[in-house]
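A.B. asks: Chains as they are written, first to last, in our numbering: chain C, 883 to 1200; chain Y, 19 to 309.
For the record, the hints were derived by calculation from the structure and aren't laboratory data.
Residues from chain C shown here face chain Y by an in silico Cβ test under 7 Å; the list is partial: (1) 919; (2) 944; (3) 1019; (4) 1025; (5) 1096; (6) 1100.
If you're wondering where the values come from, they're calculated on a predicted model, not measured in any experiment.
Glycine is no exception: its CB is placed at the ideal position from the N, C-alpha and C atoms.
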Amino acid sequence: MSAPVLAERQPPPSAPAAPAPRSPRDRAAFRQALRRNLTAHGFLIGAVLCFSFFSWYPMVREFFLAFEKRENGATVWAGWSNFTYIFNDPAFWQAWRNTLLFTGLALLLGFAVPFVVALVLNEFRHGRGYLRLLVYLPVMLPPVASVLLFKYFYDPGYGLFNRVLGAVGLPEQQWLQSTDTAMLSVVIAATWMNMGGATLIYLAALQGVPGEQYEAAELDGAGILRKIWHVTIPQTRLVLSLMLLMQIIATTQVFVEPFLLTGGAGPEGATLTVVQLIYQYAFTFNNYGSAAALGLVLLVLLAAFSAAYVRLSRASEE
Amino acid sequence: MTTRTLISPAQLARPRGKFLYWTAFVLVVALFTLVFVGPLYWMVTSGLKSPQEFARTPPTLVPENAHPGNYADAWGVLDLARLLGNTLYYALGALAFQLVLDVAAAYSLSKLRPALGNIVLGAMLLTLMIPAAVLVVPQYLTVLDVPIVERNLVNSPWAIWLPSVTNAFNIFLLKRFFDSIPRELLDAAAIDGASPLRTLRSVVLPISRPVLGVVSIFAVVGVWKDFLWPMLTLPDPGKQTINVGIYSLAASVTENWLLAALAIASLPTLAIFLVFQRHIVSGLTAGSLKG
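Isolated chain C (complex conformation) (with noise of 0.2 Å):
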């Protein structure tokens, strides 16, 4: 543990240091060199120490721990135990399933709907400010506000969703409660939550459109969609195959909308994800070191799932 913090407060063995100092002025020089890398370090030490504790620590920590179990109050090697555990536990299963599903359904929504919201909200020449205030404003509530106010909506019995269905004679559901709709539930709240920050992103980015292209389209007789097709869709590129990629990792760990919506697993498990399932490992059952071999799992996943998405939208860059 101290190593690291040892080793970024040690005076850093610059150039001077090499040739023993002779003249006065080499003896100046490095000592003004040595001063300066104090005075760096120093600014950095504070900075340093947190992120030694409270980052690096626990990263290193995290690998220990998936290979680590506790019997009878103490620390033992436990070898791949802790995985063959979590592997053999049904629930893994399933909550890899589950996550996959937000994933998917949360890409289908929170992708497509701030881009498509973005594109809107770019051909107004008024309210603009509202309109984009508007899409904000949920990011900037507490969770536990809109978590909430989600929960009183999807009640299946005075719920304002039901009677919203009911009033316009389309059958209710029972949203949260049904394995059928618990995913999709917990995702268009989160999407309601989350897709403020992605809107304002596409907005910046469609800006940067430039008009001549659409102009150019035009003459070549394309109609909106096509013009989408070929002109934003190419020109925003970047951005989006960045939030796409952002949004996967995110969603991937999504944890306190179906914690707060279902208390967590939800009807027979069906809103369980992978951090849910993190969640229980070491703070329902105390079971750290299966918690950490998930987690590893989990981070081996995301790490080989972006480097191959880098690589592959590197590839058809080109």
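Start from chain C and add chain Y according to the hints.
C.D. replies: Coordinates of chain Y only, in the frame set by chain C:
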């Protein structure tokens, strides 16, 4: 904004185009207001209703008998003064720690450039690649028993403040802004005999106000919106944040009180947003567009 967008101005200028534009505009404004303000309206008005009126089918659009007293009751029953005070204390502390330590670190990495500085920066940015969810368990175990100093930080504000400093994104934003400050400006200060600290205070910080604003807002809002970490590290009901406190009492109070409490809890961040909207938008897009 007069930039050319998807639909050509010529098309919009035609009577049909004008008609379609305004129809779409009115529909979108109505729909967005309903979707994004509707739930908030429902929350505020439900907080004003009596339990009987709240349970009525169909629901009343405007409360027949407004009970503003619900808000006072919710304030007392859920002890919102304490929850809000706690959250404010954690948020301002986190803000202070981030402003001092992250600004100092970014300044050092950008302008003082110590040996091994790039390795430190790389190690900081590396933490952005690790999913936050993966680190929760080892971070929690660290807070239970911080190595070397051997302290248990559970139920202490330090459990919020110190980890909040490890915000690599803020350091990155700050460093990138500092990088854009011309070297000559700092050299001039140095020639006048200013120490690095003095240069930071009198030259760098005054020009960095925009980025400091963005970082500050994100620091405060981050603490205000966080749920899992304060739930784990501050279990004592007297020390909980607004999110965790309301969540843990949600099942034990009547619905109109709960909704009144949620409305009160939503006010601070909404106020921050309405006041600092411009900064928030620029901060959001700053991270993604350039570079």
